[in-house]
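Novice: The chain contents come next:
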Amino acid sequence: MPDNKNALNNDSHLIQAIQGDEIQRKKALQEFFTNPELFQRVVGYVISQGGSSEDAKDVFTESFIVFDRQVRNGVFRGESSLATYFQAIAKWQWLALKRKNKVTYDTSELAEVGSDQSPEKLMITSERKVILQNLIALMGEKCQRLLGLFQLNYSMKEIKEKMSYASEQVAANQVHKCREQLRNAIQEHPEHMSVLKYSSD
Amino acid sequence: MNDNQKGKIESYVNGSMDAASRSAFEAELRENPKLANETAVFKTEWEIREMLIENQLRNDIDAMYAQYQTQSVAAEKPRKKNLWWLALIIALGLVGTIYTLTLKDKVEVQPENNNQQQGGYADEQIDETPTELPENTGQEGITAEVEAPIEKTETSAPAQTPVQKVKLDLSALALAAYESPEGLLASRGSSSSENYDKAMKAFIARNYREAVNLLKTLPEDEEQEALALRAHASFKSSDFSGAIQDFQALKDGGIYRRDAEWYGLLARMAVKQGSRDIWKAELEKMANNPSHPYNKKAGKLLSNF
Numbered sequence: 001m002p003d004n005k006n007a008l009n010n011d012s013h014l015i016q017a018i019q020g021d022e023i024q025r026k027k028a029l030q031e032f033f034t035n036p037e038l039f040q041r042v043v044g045y046v047i048s049q050g051g052s053s054e055d056a057k058d059v060f061t062e063s064f065i066v067f068d069r070q071v072r073n074g075v076f077r078g079e080s081s082l083a084t085y086f087q088a089i090a091k092w093q094w095l096a097l098k099r100k101n102k103v104t105y106d107t108s109e110l111a112e113v114g115s116d117q118s119p120e121k122l123m124i125t126s127e128r129k130v131i132l133q134n135l136i137a138l139m140g141e142k143c144q145r146l147l148g149l150f151q152l153n154y155s156m157k158e159i160k161e162k163m164s165y166a167s168e169q170v171a172a173n174q175v176h177k178c179r180e181q182l183r184n185a186i187q188e189h190p191e192h193m194s195v196l197k198y199s200s201d
Numbered sequence: 001m002n003d004n005q006k007g008k009i010e011s012y013v014n015g016s017m018d019a020a021s022r023s024a025f026e027a028e029l030r031e032n033p034k035l036a037n038e039t040a041v042f043k044t045e046w047e048i049r050e051m052l053i054e055n056q057l058r059n060d061i062d063a064m065y066a067q068y069q070t071q072s073v074a075a076e077k078p079r080k081k082n083l084w085w086l087a088l089i090i091a092l093g094l095v096g097t098i099y100t101l102t103l104k105d106k107v108e109v110q111p112e113n114n115n116q117q118q119g120g121y122a123d124e125q126i127d128e129t130p131t132e133l134p135e136n137t138g139q140e141g142i143t144a145e146v147e148a149p150i151e152k153t154e155t156s157a158p159a160q161t162p163v164q165k166v167k168l169d170l171s172a173l174a175l176a177a178y179e180s181p182e183g184l185l186a187s188r189g190s191s192s193s194e195n196y197d198k199a200m201k202a203f204i205a206r207n208y209r210e211a212v213n214l215l216k217t218l219p220e221d222e223e224q225e226a227l228a229l230r231a232h233a234s235f236k237s238s239d240f241s242g243a244i245q246d247f248q249a250l251k252d253g254g255i256y257r258r259d260a261e262w263y264g265l266l267a268r269m270a271v272k273q274g275s276r277d278i279w280k281a282e283l284e285k286m287a288n289n290p291s292h293p294y295n296k297k298a299g300k301l302l303s304n305f
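Line by line, the protein sequences are chains D and W.
Just so you know, the first sequence maps onto residues 1 to 201 in my numbering.
Just so you know, the second sequence maps onto residues 1 to 305 in my numbering.
For reference, chain D alone in the conformation it holds in the complex (with noise of 0.2 Å):
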């Protein structure tokens, strides 16, 4: 019982950092690398299955993304342990990479994540990625640090004091503008939309 509950403060010590700011965030990146229950673990299960340790570190990544993803909106909610979780994202990851490679795989011991949590329900497609980097591009620094912020739910106080505005209102008026460039950029190129919209179905 001990065990369980130092568990589940580290677990949401974790969340809590992950949900925080950048330095927060790292700290936390960190604690992954360093817990050997994630990111050894991961690294010991790619290359039991035959992987490299270059696979391996593809996989960690990939399943840090969607888990991040998920801890900012509320998908994970703790019912299960953090470790046990990702490390249930990490073997989804793996298959995706096998299949990439065209290799059969067994997806039975896949239980523990629910299917409507299927990481691969999570990930951007790589098709999509090209044209979301393409749109990417077409904004500056300035408005990709912008929003970057605002995605982590920076508060208008935080972003004004990280990107030195004289305000908070000024903030707000340069993260609004940045969204409107954004978002007429979107509807300029409906091609890229058709893709979302059939994707999301």
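These aren't lab readings, by the way, just hints derived from the structure by calculation.
Even for Gly, the Cβ is constructed at its ideal location relative to N, Cα and C.
Do not rely on the hints blindly, as some may be mistaken.
No more than 30 Å apart at the CA atoms, straight line, and that leaves these computed lysine-lysine pairs for BS3-like [what the hints assert, rightly or not]:
| no. | chain 1 | residue 1 | chain 2 | residue 2 |
| --- | --- | --- | --- | --- |
| 1 | W | LYS300 | D | LYS142 |
| 2 | W | LYS297 | D | LYS57 |
| 3 | D | LYS157 | W | LYS296 |
| 4 | D | LYS26 | W | LYS280 |
| 5 | W | LYS6 | D | LYS160 |
| 6 | D | LYS142 | W | LYS251 |
| 7 | D | LYS27 | W | LYS236 |
| 8 | W | LYS201 | D | LYS57 |
| 9 | W | LYS236 | D | LYS142 |
| 10 | W | LYS300 | D | LYS157 |
| 11 | W | LYS236 | D | LYS57 |
| 12 | W | LYS198 | D | LYS57 |
| 13 | D | LYS57 | W | LYS296 |
Sample of chain W residues facing chain D (criterion: CB under 10 Å; computed from the structure) [unchecked claim]:
| no. | residue |
| --- | --- |
| 14 | GLU54 |
| 15 | ASN55 |
| 16 | GLN56 |
| 17 | MET64 |
We have chain D already, so just place chain W on it with the hints.
Specialist: Coordinates of chain W only, in the frame set by chain D:
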């Protein structure tokens, strides 16, 4: 569009909406094209914002992974050093054998000395040659002879260890400083070359080797762009010599010249091609040029020298 609808769109897009509400919302989407269009725009915007976070995360993970690898290598080194103890044991064995042989000679000579002593030789000779009790003298002799090499070896080994532990691996730092340029490369949009487009898709899907293979022959009208893409794909697939060659070609001129200076240097550092002084001089040149797009990054890397 009211706030309630905006809230619904957001929770639908980010996946936090429950299954029942999701079905209801999807039914609404089918009946309301305006709402469907607004949702599609929001979803694209949301995904782009997520991609911005993802790009940052990838860079952070690459940097931490490089750091992790450096630490792993540093942790491996002391283990390798344990071999010195094996060498030491062998050396001790050899010294012991030599001493035993010497002692054997001494012991063989001893009776003569004792006989000489007994025979009334001078006292000062006994003081100078402490061989009255051969066993005791022999032990003292072993301690003196054996301890000297132990002390010598022990003092030299720990002196090396901390130096290697704190020494920064510039190669790993160079890898950590590399930032994937998907945004930069994708800025060109679609191309007239089918292979270039395919290679770009392969690069973004992290199939770097495939990207390199697709660009074995460079398209004539987009040679510079394709060369830049191939250079980065080579770098990402750890084919540093290929990357060095392509970045070198880009350095000779064109719009990617500055990028090639920075990334080419990182590739050379990654495989330790050139000397520390040469890398330092190149970094200083970039860091001291305020108009160089990589001057801040160069300055940061330079601070580790």
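Novice: Now, for every hint given, state plainly whether the structure supports it.
Specialist: These are the hints, each one checked on the structure:
Note on W:LYS300 and D:LYS142: the hinted pairing holds, with a Cα-Cα distance of about 21 Å set against a maximum of 30 Å. Among the hinted pairs, W:LYS297 with D:LYS57 is consistent with the structure: their alpha-carbon atoms are about 24 Å apart, no more than 30 Å. For the proposed pair D:LYS157 and W:LYS296, the alpha carbon gap of about 27 Å is at most 30 Å, so the pair holds. Our distance criterion of 30 Å between C-alpha atoms is met by D:LYS26 and W:LYS280, whose separation comes to about 29 Å.
Straight-line distance between C-alpha atoms of W:LYS6 and D:LYS160 comes to about 25 Å, which keeps the hinted pair within the 30 Å bound. Between the alpha carbons of D:LYS142 and W:LYS251 the distance comes to roughly 28 Å, so the proposed pair stays at or under 30 Å and holds. Taken as a hint, the D:LYS27 and W:LYS236 pair is honoured in the structure, with Cα atoms around 26 Å apart against an allowance of 30 Å. Note on W:LYS201 and D:LYS57: the hinted pairing holds, with a Cα-Cα distance of about 21 Å set against a maximum of 30 Å.
For the hint linking W:LYS236 to D:LYS142, the alpha-carbon distance of about 26 Å falls within 30 Å, and the restraint holds. Of the supplied pair hints, the one linking W:LYS300 and D:LYS157 holds, its CA atoms being roughly 28 Å apart against a limit of 30 Å. At most 30 Å may separate the alpha-carbon atoms for a hinted pair to count; W:LYS236 and D:LYS57 meet this at roughly 13 Å. Only pairs whose Cα atoms come within 30 Å are accepted, and W:LYS198 paired with D:LYS57 is accepted, the gap being roughly 24 Å.
Taking the CA atoms of D:LYS57 and W:LYS296, the gap is about 28 Å. The hint holds against a cut of 30 Å. Hint status for W:GLU54: holds, given a least beta-carbon distance of 5 Å to chain D, under 10 Å. Contact between W:ASN55 and chain D, as hinted, is supported at the beta carbon level, the nearest pair being about 8 Å apart and thus within 10 Å. Satisfaction of the interface hint for W:GLN56 is found here, the shortest Cβ-Cβ separation to chain D being roughly 6 Å, below the 10 Å cut-off.
Restraint check, W:MET64 versus chain D: the minimum CB separation of about 5 Å is within 10 Å; hint holds.
In the structure shown, no violation is registered for any of the earlier numbered hints.
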